[in-house]
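Chemist: Listed in order, the protein sequences are those of chains A and B. Each residue of the first sequence is one higher than the last, beginning at 50 in the numbering used here. Each residue of the second sequence is one higher than the last, beginning at 87 in the numbering used here.
Think of the hints as simulated: they come from the structure by calculation, not from any bench. Hints are not guaranteed to be accurate.
As the list claims (entries may be wrong) - Selected chain B positions facing chain A (in silico; Cβ < 8 Å):
#1 Leu119
#2 Phe142
#3 Lys248
Unchecked claim - Label pairs and their calculated CB-CB ranges:
#4 B:Phe185 to A:Lys350: 50 to 60 Å
#5 A:Gly320 to B:Val230: 35 to 45 Å
#6 A:Arg319 to B:Lys233: 35 to 45 Å
#7 A:Glu331 to B:Lys198: 21 to 31 Å
Stated by the list, open to error - Derived pair list, reagent style DSSO-like, types lysine-lysine, alpha-carbon separation capped at 27 Å:
#8 B:Lys247 to A:Lys74
#9 B:Lys222 to A:Lys328
#10 A:Lys350 to B:Lys167
#11 B:Lys219 to B:Lys193
#12 A:Lys74 to B:Lys218
#13 A:Lys56 to B:Lys144
#14 A:Lys296 to A:Lys328
#15 B:Lys219 to A:Lys57
#16 B:Lys167 to B:Lys237
#17 B:Lys193 to B:Lys174
#18 A:Lys273 to A:Lys196
#19 B:Lys251 to B:Lys237
#20 B:Lys146 to B:Lys219
#21 A:Lys57 to A:Lys87
#22 B:Lys146 to B:Lys218
#23 B:Lys139 to A:Lys103
#24 B:Lys146 to B:Lys222
#25 A:Lys109 to B:Lys167
#26 B:Lys167 to A:Lys103
#27 B:Lys169 to A:Lys87
#28 B:Lys237 to B:Lys218
#29 A:Lys57 to B:Lys139
#30 A:Lys350 to A:Lys296
#31 A:Lys74 to B:Lys146
#32 A:Lys109 to B:Lys146
#33 B:Lys198 to A:Lys57
#34 B:Lys222 to A:Lys87
#35 B:Lys139 to A:Lys109
#36 B:Lys169 to B:Lys193
#37 A:Lys328 to B:Lys139
#38 A:Lys74 to B:Lys241
#39 A:Lys57 to B:Lys218
#40 B:Lys198 to B:Lys241
Heads up, the beta-carbon is just placed ideally off N, CA and C, and yes, glycines get one too.
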Amino acid sequence: MPIDDEKKETLLARWLSGEITPEEKALLEQDPDFDNLKGIIETTDTWAPPAYDKDAAFAKLKRRQENEKPVPQAKVRRLGWARYAVAAMLVVAFGIFVFRMQGDDPLQYETNFAQNQELDLPDGSSVDLNHASSFEFVEKGGKRLAKLSGEAFFDVEKGNTFSVETPNGTVTVLGTSFNVYARDNHLEVACYSGKVRVESQGRQAQDITKGLVAVLTANEIHVKRFGVAQGKSWDATVTRLEGVPLKRVIEEMELRFGLEIDASGVNTDRGFSGSFLHKDIETAARMVFDPMNLDYSIEGKTLTLSDKN
Amino acid sequence: MSDGVCEDHVFKQVFSEQSENLRNFMYYRCGDLERSDDFVQEAFMRLWNNCAKVPFEKAKSFLFTAANNLFLNEVKHEKVKLKFRQVKRVEASNESPEFLMEEKEFKERLEKAISDLPEGQRTVFLMNRIDKKTYKEIAATLGVSQKAVEKRMSKALAALKKISKKI
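The following block holds chain A by itself, in its conformation from the complex:
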């Protein structure tokens, strides 16, 4: 019984991976070219790639790393610390120029799409920077100053005033944990422990405590209780959102997956409560859009939404 070419090709691939059955092998052996093929495979199985000297290659790479100095970001930061140490020694030696030197050297961090970064600050505080955010930190005149654009979760060590400046307002604390969301003209601060103060120009400042969230609106800072029980609402694997408009979810998904979501055909002011996993866009889209009764199609770097019929 002759076999067609396509079937034969599949069998050949399976023959080489060792998944072939004896019956199928018998079929292949009917092929007049099969003997040649066996000879070819027996021959290539005696071959090895050209010799490779791993140690020499690594040594060469090391030399290049030494010579080319655009050292990675984290290294630059660490050098920044070394300079701090030098500055500290200068305090002992001269006791003068210290503030200026510290002030000149803020720590800078930036995250890209689909990237989180955990930071340990020199004062012992830690910051978890969400995707597509930039962050700066400096200690100056006994105050801790941070600048944020994007989103970050803060766990602040007790100590001097710690403030986070964002393009839309400033958050000041004395040792607490809180989340700051500052993108476009939004500012949203959720407090998880301790107490923080939120200020924005032209609005009355608000102090919020554990379980409260402050949201910037057109003419005030609105304070309400937030739904998510404990802990921050996002981490490296999942984003949780509670009672937010769909457009905010869409924005988060765009930043997480680095794609564009076309929602022109649907109502994006509807509220959403739920979460999406960061695993892949298909999973996330299913988790968000299915319950919202929306259809979606993904083509290249664009996801298009439409109402389910």
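Use these hints to put chain B onto chain A, whose structure you have.
Modeler: Chain B in isolation, oriented as in the chain A frame:
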């Protein structure tokens, strides 16, 4: 998070695990040893310069993508001429000088036929036969489906089977 690619020992580990695979992969693609070595060096430099942004588990795909982009960005691609080391003897009872000559000649014809395969088929075939990678591993490295790897593999075999030991 603490042991990222920026740590010297982690970087060295990645190099130790991936550099030879990457060198071979680039050799199968471009057929030029010296250039393959350069691609490897450059790809690892890029990994180093981006080490803060690349999580450990993404390092391998970063390297292969970087080397691949470097290759694609080259203006001119030379004709591929692959050579392999014979590390084992082909099993045979006959060891006459004529036989050995035939063997050598067959090896050269086979090397040329493999070099002349379309790039996708050649790379898959050699990763499987020389580097002993499974179809699944190859699919993951190239970012294509396992089905596509099988397809390329069988196409490569179909093209090679005409090469016979007898001239």
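Chemist: Run every hint past the structure and note whether it holds.
Modeler: Each hint, compared with the structure:
1. Leu119: holds, 6 Å
2. Phe142: violated, 13 Å
3. Lys248: Given a least distance of 7 Å, the restraint on Lys248 of chain B holds.
4. B:Phe185 to A:Lys350: 50 to 60 Å: holds, 58 Å
5. A:Gly320 to B:Val230: 35 to 45 Å: This hint holds: roughly 41 Å between Cβ atoms.
6. A:Arg319 to B:Lys233: 35 to 45 Å: holds, 40 Å
7. A:Glu331 to B:Lys198: 21 to 31 Å: violated, 44 Å
8. B:Lys247 to A:Lys74: Holds, at roughly 16 Å.
9. B:Lys222 to A:Lys328: holds, 20 Å
10. A:Lys350 to B:Lys167: violated, 38 Å
11. B:Lys219 to B:Lys193: holds, 22 Å
12. A:Lys74 to B:Lys218: Given that 27 Å is the threshold and the Cα spacing comes to 21 Å, the pair holds.
13. A:Lys56 to B:Lys144: violated, 37 Å
14. A:Lys296 to A:Lys328: The given pair, whose Cα atoms are some 21 Å apart, holds under the 27 Å limit.
15. B:Lys219 to A:Lys57: Measuring from Cα to Cα gives roughly 22 Å; hence the hint holds.
16. B:Lys167 to B:Lys237: Given that 27 Å is the threshold and the Cα spacing comes to 24 Å, the pair holds.
17. B:Lys193 to B:Lys174: With Cα atoms ~13 Å apart, Lys193 of chain B and Lys174 of chain B stay inside 27 Å; holds.
18. A:Lys273 to A:Lys196: holds, 25 Å
19. B:Lys251 to B:Lys237: Roughly 25 Å separates the two Cα atoms, so the pair holds.
20. B:Lys146 to B:Lys219: With a Cα-Cα distance of about 15 Å, the restraint between Lys146 of chain B and Lys219 of chain B holds, given a limit of 27 Å.
21. A:Lys57 to A:Lys87: The hint holds at about 15 Å.
22. B:Lys146 to B:Lys218: holds, 18 Å
23. B:Lys139 to A:Lys103: holds, 25 Å
24. B:Lys146 to B:Lys222: Holds - the C-alpha atoms of Lys222 of chain B and Lys146 of chain B are around 15 Å apart, at most 27 Å.
25. A:Lys109 to B:Lys167: holds, 26 Å
26. B:Lys167 to A:Lys103: Status holds; Cα separation ~23 Å.
27. B:Lys169 to A:Lys87: With a Cα-Cα distance of about 20 Å, the restraint between Lys169 of chain B and Lys87 of chain A holds, given a limit of 27 Å.
28. B:Lys237 to B:Lys218: Distance ~17 Å between Lys237 of chain B and Lys218 of chain B Cα, so the pair holds.
29. A:Lys57 to B:Lys139: The given pair, whose Cα atoms are some 46 Å apart, is violated under the 27 Å limit.
30. A:Lys350 to A:Lys296: Measuring from Cα to Cα gives roughly 18 Å; hence the hint holds.
31. A:Lys74 to B:Lys146: violated, 36 Å
32. A:Lys109 to B:Lys146: holds, 20 Å
33. B:Lys198 to A:Lys57: holds, 24 Å
34. B:Lys222 to A:Lys87: With Cα atoms ~23 Å apart, Lys222 of chain B and Lys87 of chain A stay inside 27 Å; holds.
35. B:Lys139 to A:Lys109: holds, 24 Å
36. B:Lys169 to B:Lys193: Holds, at roughly 9 Å.
37. A:Lys328 to B:Lys139: holds, 18 Å
38. A:Lys74 to B:Lys241: Holds: Lys74 of chain A and Lys241 of chain B sit about 18 Å apart, inside 27 Å.
39. A:Lys57 to B:Lys218: Roughly 22 Å between the alpha carbons, so the hint for Lys57 of chain A and Lys218 of chain B holds.
40. B:Lys198 to B:Lys241: holds, 17 Å
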